[in-house]
Amino acid sequence: MKHHPYKTDLPVMLPFKPVETESFGSTIKLWYVVPILALILGTSAIAQSGSDIRLGALQTLMRWMPLLLQGFIFNVLISVMAMAIGTGLGAALGIGQLSLNRFVRSSSWLLTQFFRNAPWLVLLFFAMFLLPFEVNVFGIIIPLPDWVKATIGLALPVMANVSEIIRGAVLSLPSGQWEAAESLAYSRRQTLWLIILPQCLKRMLPPWMNLYAILTMATVLASIVGVSEVMTLTGEALAAEGGRPDLLAPFYAFVLLIFFVYCYPIARLTVRLERKFSVIN
Amino acid sequence: MEAFYEWFRILYEDTGINLPFMYDEYDRGRILNGLWATIKLSAICVLFSVIIGMVGAWLQGSPWKTTRRIVNVYIQLFRNTPPLVQLYFFYFAVGILIPRVENDWGGTSPLIDSFGWAVISLSFFAGAFNVEIFRSGIEAVPKSTIEAAKALGFSRLQIYKDITLPLALRVVIPSLNNNLVNLVKTTTLAYAIAVPELLYESNQIWSDNVNVTEMMLFLLVAYFVLVGILVWAMNFWDRSLKIPGFGQ
Amino acid sequence: MNWDETKPMVSIKDVYKSFGTLEVLKGVSLDVMKGEVICIIGPSGSGKSTLIRCINGLNDIQSGSILVEGQEVNDPELNKLELRKKVGMVFQQYNLFPHKTALENVMMAPIRVLKHDKEIAQKAAIKLLRKVGLEDKVNAYPGEMSGGQQQRVAIARSLAMNPDVILFDEVTAALDPETVNEVLLTIKKLAEDGMTCILVTHEMGFAREVADHIYFTDGGLIVEHGNPKKFFENAKDPRTKEFLSQIL
Ligand SMILES: Nc1ncnc2c1ncn2[C@@H]1O[C@H](COP(=O)(O)OP(=O)(O)OP(=O)(O)O)[C@@H](O)[C@H]1O
Ligand SMILES: [Mg+2]
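Each protein sequence line maps, in turn, to chains A, B and C. If you count by this note's numbering, then the first sequence holds residues -17 to 263, one letter each, in order. If you count by this note's numbering, then the second sequence holds residues 24 to 271, one letter each, in order. If you count by this note's numbering, then the third sequence holds residues 17 to 264, one letter each, in order.
Please keep in mind that the hints were generated in silico from the structure rather than gathered at the bench. These numbers come from a predicted model, not from an experiment. Be careful, since some hints might not be right.
Label-pair distances were calculated between CB atoms; the ranges are [unchecked claim]: (1) Trp260(B) x Ser88(A): 26 to 32 Å; (2) Thr37(C) x Met44(A): 51 to 57 Å; (3) Ser178(B) x Met44(A): 49 to 55 Å; (4) Ser178(B) x Leu59(A): 52 to 58 Å; (5) Phe259(A) x Trp260(B): 30 to 36 Å; (6) Tyr32(C) x Ile121(B): 56 to 62 Å; (7) Asn83(A) x Phe259(B): 31 to 37 Å.
Each residue gets a CB set at the ideal place from its N, CA and C atoms; glycine is no exception.
Bound conformation, chain A alone (with noise of 0.2 Å):
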């Protein structure tokens, strides 16, 4: 076989891939747990050598880890609600910026740039704060805890950023769709919805999932305002234990241990549906 010289005046650079979300994955692993638990049998056996007198550090975690996993479920609870909520409104918003009228495609624009800027702690005092504690549906009064505030107050960067996400797999796609759905007479309407946005679904897909784990991480922040999430949980039980600094390094590296088996799965899927995707393409 004549292997051809590739031909060029210029220096060249190789293809470029940039990484938005996730492009890691030919060696991930799940055994990468194993440092945590390290870490939390480690911390806890030396602690446990020099008190004998208390529960050891570890049986502690243990005695309080049906707890703190319930907690977790509470995470979850208001990730997957935040993210339905946010999806639900950011699709609004993203297709409110690919409209051909003007005042809606600029200011669903804004809206997106402004939330999608703001860090999420800032919009989430932003929903805590500004949120009524209830509201009046036609006569019918729905209170709004804390929590349920919390939640809405992470579906706004939730929203801007799938408002963006929608808006990039639009516009990746080459104009010939459109042309092509065009000259078959469809409407405009039509053609996003029945031509463009079913293919771009694909490509939505891996972000979509990412901004689903970062959307998972961002729950504990729910505990600085006050949300009975695992990250409060963990802080009352250390301090029902009496603030011990033995049980320190075990409780937090449990929660990161509990945040990383649910999300670590979720980012090898994603690099390998963005593998198998960008394969098609």
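Starting from the known structure of chain A, fit chains B and C with the ligands onto it as the hints suggest.
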């Protein structure tokens, strides 16, 4: 200047829009302190996290499997756990292991204060992403260019420093930009360990003045501007790195 | 470097090299004396590039021996950096550093690798660029130069290390026909100045003109060699004959 400040007092009296840090000297001091702390925290973390990214990407190219593994574990651990918990872990769990030193008032204080832990924690967090960003840039540098440097007798480190990294840098700036913007936003987490940064000081002000709405909007605008400055600086850097006749 | 003129400067003995299961070199031997110019020709895929890349350690070999000034290249303990100071190389794709000007490309290795003083290195580099006829391109970036100009910079870059022998791997293959001559002329001048050169080339006329000795490779073996006159006029091996008949 006084007239300018006064204008905000009048604004408050006339409309109820209360921005006390504009007319009240004490609150102005707080907000400036907070702003300065946020800028300092952001700048130091940007610097450290970029260094971590460069060093980590270099270690990932190490001929030793163990080294590469350790870097990969680091990346995955910091990417897939909440940065807030990482911060707590550093501040509380690691913090108690750090020796205390005598301070100016005759007492003792921790060797690393909350600001220091925020720097460490956030730098490692953003650094994990930066390692991957730099690695992807390095992959875009043609092997033949590196071979040319090898043939000239450059050592592995020299090749990385003089050839691979400068070339990689030029393609990764947009990705790096994204991550650093996130980092600046993430500095608000330092609030949780009472670092007196912008969010923390704003919180103090709205507790005293009951002007949450105004402070919230101010915060959103402030971070918008900070992020804008960073993006502008990165674009400037990107343009200054352009090589004549190079790139697409 | 003063190398004993009676012994070959580069001595290759019975070299075997394979990539995985693909055997590329199957027992190659050749000697190069100081000041000699040898040309390696042969069909594509016959292992020419592989062979010369073994000489400066860009490729490892499975067995056999390569001595460069008496030093064994096939030695895991070998300091490759030292070897590469003595052996220059010019590539088909020029492989200049795109983010450095012509001058910087040439003076970088002397400064970094040989630790020369910057001013001295710069003077030497300008002199070399003049020698290859590019004094007006000193501050041009690779992207602003034609292929022929880039290749001449690459030759100057290699010369700046003051090597004892230079390897040329099809250095005109990527060039436009009009610019081939300017590069060949540069190499010819080098050869006349007494530089030891090992060239892989498809330019038969050039090989005939400058080479002291010509080697013909096919299927990982040297099937025929001799001085240009004997080689071109009296080729014995049918494979050589066929190749020459196709090319001439
Ligand atoms: N790094 C590598 N890994 C695997 N195979 C390789 C590698 N480098 C070269 N080869 C193979 O070794 C064989 C010889 O390659 P080589 O580049 O030495 O040929 P060549 O004589 O220089 O050819 P050309 O005239 O086309 O440059 C080819 O079949 C090639 O595909
Ligand atoms: Mg070749």
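Now for the hints, and whether the structure bears them out:
Under the hint 26 to 32 Å, the C-beta atoms of Trp260(B) and Ser88(A), about 29 Å apart, fit the expected range. Between Thr37(C) and Met44(A) the beta carbon distance is about 55 Å. The supplied range of 51 to 57 Å therefore holds. A hinted range of 49 to 55 Å holds for the C-beta pair Ser178(B) and Met44(A), which are about 52 Å apart. The hint said 52 to 58 Å for the Cβ distance between Ser178(B) and Leu59(A), and at roughly 55 Å that hint holds.
At about 32 Å, the beta-carbon gap between Phe259(A) and Trp260(B) stays in the expected band of 30 to 36 Å. Distance hint check for Tyr32(C) and Ile121(B): the Cβ-Cβ separation is about 58 Å, which falls inside the suggested range of 56 to 62 Å. Between Asn83(A) and Phe259(B) the beta carbons are some 35 Å apart, a value that agrees with the proposed interval 31 to 37 Å.
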